[in-house]
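Protein chains: 2
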Amino acid sequence: MNSSKHEGHGLLPRPLRLEPRWGRLELGRGLRIELPPDAPPPVVELVRRFQPRFDRLLGAAAEEAATLKLAPTEAAGNHPALGDDETYRLRITASGAELDAPSVWGAAHGFERCLQLLDRDAGGAFLAALLLEDGPRLPWRGVLLDLARHFLDLPTLLRTLDGLAAAGINVLHLHLNDDQGFRFESRRCPRLHERSGSRGYLRVEDVAELVAAATARGIRVVPELDVPGHAGAILHAHPELAAGPAPATLPRAFGPSRYALDPSLDATWGLLEALLDDLVELFPDAYVHLGGDEVHPEVYAFEDARRRAWMSAEGLTDAAAVQAWFTRGVVAMLAERGRRAVGWDEVLHPAMPAAMTVQAWRGAATLEAALAAGHDALYSAGWYLDLGYPARLHYRFDPAAPVAELVAAEAALATEPLLADVGDGILALQAAAADTAKALPAVARRGRLLGGEACLWSELVTQELLDVRLYGRLAAVAERLWSDPVAADEASFECRLPGWLTHVERVTDCRPLTGDPALLWRLGVEPQERLAVETLLEALEPVRWYKRLLGVDGLASRREGRPPQRPYDADTLLHRPVDLLPPDSPAMWQLRSALFALAADPEGLPARVTLRDFAGRWRMLPLQLGALQQRSQPFLALADRIEQLAELADLLDELVDAVSAFESPGMALRQRFGELARIAAAAVAETELAALRPIGDWLESRT
Amino acid sequence: MNSSKHEGHGLLPRPLRLEPRWGRLELGRGLRIELPPDAPPPVVELVRRFQPRFDRLLGAAAEEAATLKLAPTEAAGNHPALGDDETYRLRITASGAELDAPSVWGAAHGFERCLQLLDRDAGGAFLAALLLEDGPRLPWRGVLLDLARHFLDLPTLLRTLDGLAAAGINVLHLHLNDDQGFRFESRRCPRLHERSGSRGYLRVEDVAELVAAATARGIRVVPELDVPGHAGAILHAHPELAAGPAPATLPRAFGPSRYALDPSLDATWGLLEALLDDLVELFPDAYVHLGGDEVHPEVYAFEDARRRAWMSAEGLTDAAAVQAWFTRGVVAMLAERGRRAVGWDEVLHPAMPAAMTVQAWRGAATLEAALAAGHDALYSAGWYLDLGYPARLHYRFDPAAPVAELVAAEAALATEPLLADVGDGILALQAAAADTAKALPAVARRGRLLGGEACLWSELVTQELLDVRLYGRLAAVAERLWSDPVAADEASFECRLPGWLTHVERVTDCRPLTGDPALLWRLGVEPQERLAVETLLEALEPVRWYKRLLGVDGLASRREGRPPQRPYDADTLLHRPVDLLPPDSPAMWQLRSALFALAADPEGLPARVTLRDFAGRWRMLPLQLGALQQRSQPFLALADRIEQLAELADLLDELVDAVSAFESPGMALRQRFGELARIAAAAVAETELAALRPIGDWLESRT
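One line per chain: the protein sequences are A and B, in this order. Numbers in this note's numbering are just positions in the first sequence, counted from 1, shifted up by 379. Numbers in this note's numbering are just positions in the second sequence, counted from 1, shifted up by 379.
Next up, chain A with everything else stripped away, as it sits in the complex (with noise of 0.2 Å):
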């Protein structure tokens, strides 16, 4: 009973039922699954897909190798679908293992969880005994990539199904278009992809190989045709079908746009017509998500005649019935497929069928709206992974909390202090929802909460960035769709976190710690220089919300209500040290434990090594990367980051020295702390200071 597994302390997300049971099962000789007799390929395909994963982390299973009994088990049906049931039963002995699970999906979930569940001590490695029942709390839970503003290549996406899997997230929904490309070989109309699709698209073969290794993990793939607004890179294939602005080129800027199809023209149902049929080919998903977000509002005030007859024809008194007009017909198209129909939440609208989908993205409010008014529903409000949080605050949402507290998480966002200076930002957002939902009549069937989604928006992702910016706060979410509120416990999770990413990096190809090892060179850093490199950079933060995406200027600018000079677009190179950082840095963990560790038993030899050997390495980064600050201008422009670990390191070992002689830090070590943070407190290079919070807070525990 020596193993913290036995409480399921290493399991992320949280499993539903774990009953620790005495004993251990040894797998010094490996880990054997046995398949049950006559099954069924999938089930086949999956126990070849997992054994070698075992093996990789115990050695091939020799002949007495311990065994993992897999029960039969159905196939399912060809794909995944949302509900099927997803459940599994794992009964772990001193003799062996068991895994029970109705379905290839729920089996797949199990053998994730035997992965996680591996451990090892001076005995060797094993698995603990318990029972452990399991299965998600909600049928769909969601990751957006966006492949429009950065595509991501085939590669990307098959290893990161492996992450997606590791987390018990079942749909990768796919933001196939935007205006800054078009991703996937359309067969009806090839000059989208011929045009648009410039830096790389889906072939159709892609996409099968895609669909093929997502069902084979149960992941179902939802595709993305964002229409009508969002629509610049279409209409810079087929400028003929704009409802205002067409692009001169293939836009290159963030930020809403003007870009939006001309419902009112027979073309544009002609396309969507070849487009649908393309996207239910190439996809088996009974959803499909038509996008339906930030149409421009002046876009649809149509002024001219032609357009004005068509309005009155059909009975269009405004934009927003301009557009629930559109969506409808988009709606119906896909219901002659066989297909239903997601949308952001501004398709919200009295005339929308309740047959639709509303992802609410702006705020709890919309999520309230849809449901009260019979659509199903998923929640994204407090999970856009490109704003830059810690993961702990996309922790805090729960999409099935009462509205109220809901809506009361939301606006503590705004009071953060981590985004105490954008927190108007984040409050007009939510005002927007709130807006949005009032003009919403309720009925008296309640749609469903389905679910929900992180998202990941790529104006400052690509694919070599991918692994560092998606996991971290994935996990987050990834625990809130899958397990029991009632147990959900910021800490525990900050806990378990680290420990998490460490297994995906070893179970996947994916490397949420490390990251691409192409990135390093980009920045110009020698071999030899790269352990100083990550002494530094995992010492920073990046800058929060869209203060790092407007930069610091333009947020200032669009404050003032005028427009942002933006200082990124889709051909900016992302070759600084602040693309590489994760919103949250795991060795600031590390060295917030030691410090509260110390404190506690200021004998204790471990936390003291830790906190001495982050002294000792930020107190050498002057001299190490001197070479390359000369070298390099984004290196030589974090200058000042530099200068302020190397005081801080200073400091460090005083606040060492003092704890372990069993004093408190004195006034004077906290005042200069204080000038120290209060320096520091400016974005460097679009840089926080990260190392400053774990001290500060301790400082703040010990007054």
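Quick caveat, the hints were computed from the structure, so don't treat them as lab data. Ideal Cβ positions, reconstructed from N, Cα and C, are used throughout, including at glycine. Be aware that one or more of the hints could be misleading.
[Stated by the list, open to error] Below, a list of computed lysine to any residue pairs in the SDA-like style, where the Cα atoms sit at most 20 Å apart:
(1) Lys-817/B with Ala-698/B
(2) Lys-448/A with Glu-413/A
(3) Lys-448/A with Arg-408/A
(4) Lys-817/B with Pro-864/B
(5) Lys-448/B with Ser-577/A
(6) Lys-448/A with Lys-448/B
[What the hints assert, rightly or not] According to the in silico footprint, chain B covers these stretches of chain A (three or more CB under 8 Å from chain B):
(7) 524-536
(8) 871-883
Put chain B on the given structure of chain A with help from the hints.
Okay, now just chain B, sitting in the frame of chain A:
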């Protein structure tokens, strides 16, 4: 002209001819490969494979990206073949790059080279202007991977193809069977892979995927069916075919065995017919390797009446004649199937047809004898990567050097200080080769030296350990096979090697420097201990030659003519720190060059920082690894090494103090170093203290 790439410093293997030119091609917007019009499908596929590799380093190519223009290129044959044109010409100017290659294989080499040439400085990414005319020296540039002792699965082999391509290797020789396993799916004799393929075999579809991927990279896949010896796995499935004993269970022991096929039985020939039919269906290459090595001399010393009669009837007088008769039969069967045979140098025999290619593994003597007897030949004797030599030793062997030079180079190994304690064993093997060679008459028409192969026998290599074990030394062999020997320079090679390994880690999925993260997990290392463990491991190297495989005691037994108690068999878990060590520690090259750089410029900052950093990290190890040693016996076993490193830290700091003060290290310091070196010379848990050597060499150089 500010790039060292102009001079080819970053290139490995060294190109044939490189002319630096003035200027550089700026790559700030990426690099786009331009296809020639009407390019054949293999060329289109080649570009489709390389474009994302450039994009990963440079960012996705923009519309206005620099161009790399590929001239019209032939698709060559369906598969690469011995002697195909592999040359290319790469011209880089400030306005663009052009690649000319007569064949798609040459174009692939050109793209690989272009990846190596990518550089960046404060001005961004670029290619230095140059003219490069390149092509390999020898047509057969191979690596043997042994799938029998430990299986290497398809994903491992696929990623390895990229690593081989980066080295200019064009033959992947697969050792598919041995005593311990049979590793391909035989359609005609399924009993073989079913009974003897435990822990993995390549399925028919795996081989097809591997061959297709290899073909796309211009790499030939040459299968080896090792007969008549090393037949334990075959005889486990078909004991009725044994000439001597048949194994009761699938053999796990390593080392020479007595398992050999009985050539006097028709059933043996029936099995061989079937297996060769399988192999020629699976592998399109013109060559098949038939093994032929290490048949135990007593097994074919037939005493029974039936086989004596058979020998008489065939006119066979001794065991050597029996084996030669067998080999001739297999060669003839291959010829009937349109294939040419390769065999290990034990196949040399006056009765052997000259059409057989001989792979010299025991010494230069058999290489010369084979060539003199009219055989085409491959050199491998100096290139056994499983022996744990540092790369520079393998680099000393030029297979096309006059035989006396090659023999002298081999003999010099025995007096190499690093191998002082195993020199007698090295000489014994060379003597055996000379014996074989003596019996052979020369003929008028000398054979051709086709090239050679690095051999990585896998007794102590699993797929998780492969990358760390393979690439550091493969580079030495690759340069010998590719480059002009006139330019060969050990110091230059060692100087380029670390950069090349970093390059491989950056442009492929292979991890020759960082290794598989699963392995640290197996060793019980927690994430926060990773850096300290790396600091420890990079200061160690494994013991050399068969001292590793046989163990220190086992080697002593073997020397005394007693059968050694082998510490390893095919079931031994490779879970100890020594298993993770590359035979050459790249960090120790860095230590060495910093020491000599400081001596050259005692005020130089970078070298001093590097040396202080080593000392600082070594000094922390006893504290940082204390907890791990308590949990993990294998790390506890390294306690002496950890203490020795902490002591070495003090010596190194004092040495830096002295040099920085323009003083010579004093006698007291030298004495303390000498004492430490004496104590640390003993193997600890099969490791050497590699950190001693650069410091010792440096002290030596200052006397």
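Results of checking the hints against the structure:
1. Lys-817/B with Ala-698/B: Holds. Lys-817/B to Ala-698/B sits at ~17 Å (cutoff 20 Å).
2. Lys-448/A with Glu-413/A: 5 Å, holds
3. Lys-448/A with Arg-408/A: 16 Å, holds
4. Lys-817/B with Pro-864/B: 28 Å, violated
5. Lys-448/B with Ser-577/A: Roughly 18 Å between the alpha carbons, so the hint for Lys-448/B and Ser-577/A holds.
6. Lys-448/A with Lys-448/B: Distance ~56 Å between Lys-448/A and Lys-448/B Cα, so the pair is violated.
7. 524-536: holds (count 4)
8. 871-883: Since three or more residues must qualify, the claim that chain B covers the segment 871-883 of chain A holds, with 3 doing so at under 8 Å.
Checked against the numbered hints above, the structure violates hints 4, 6; every other hint is satisfied.
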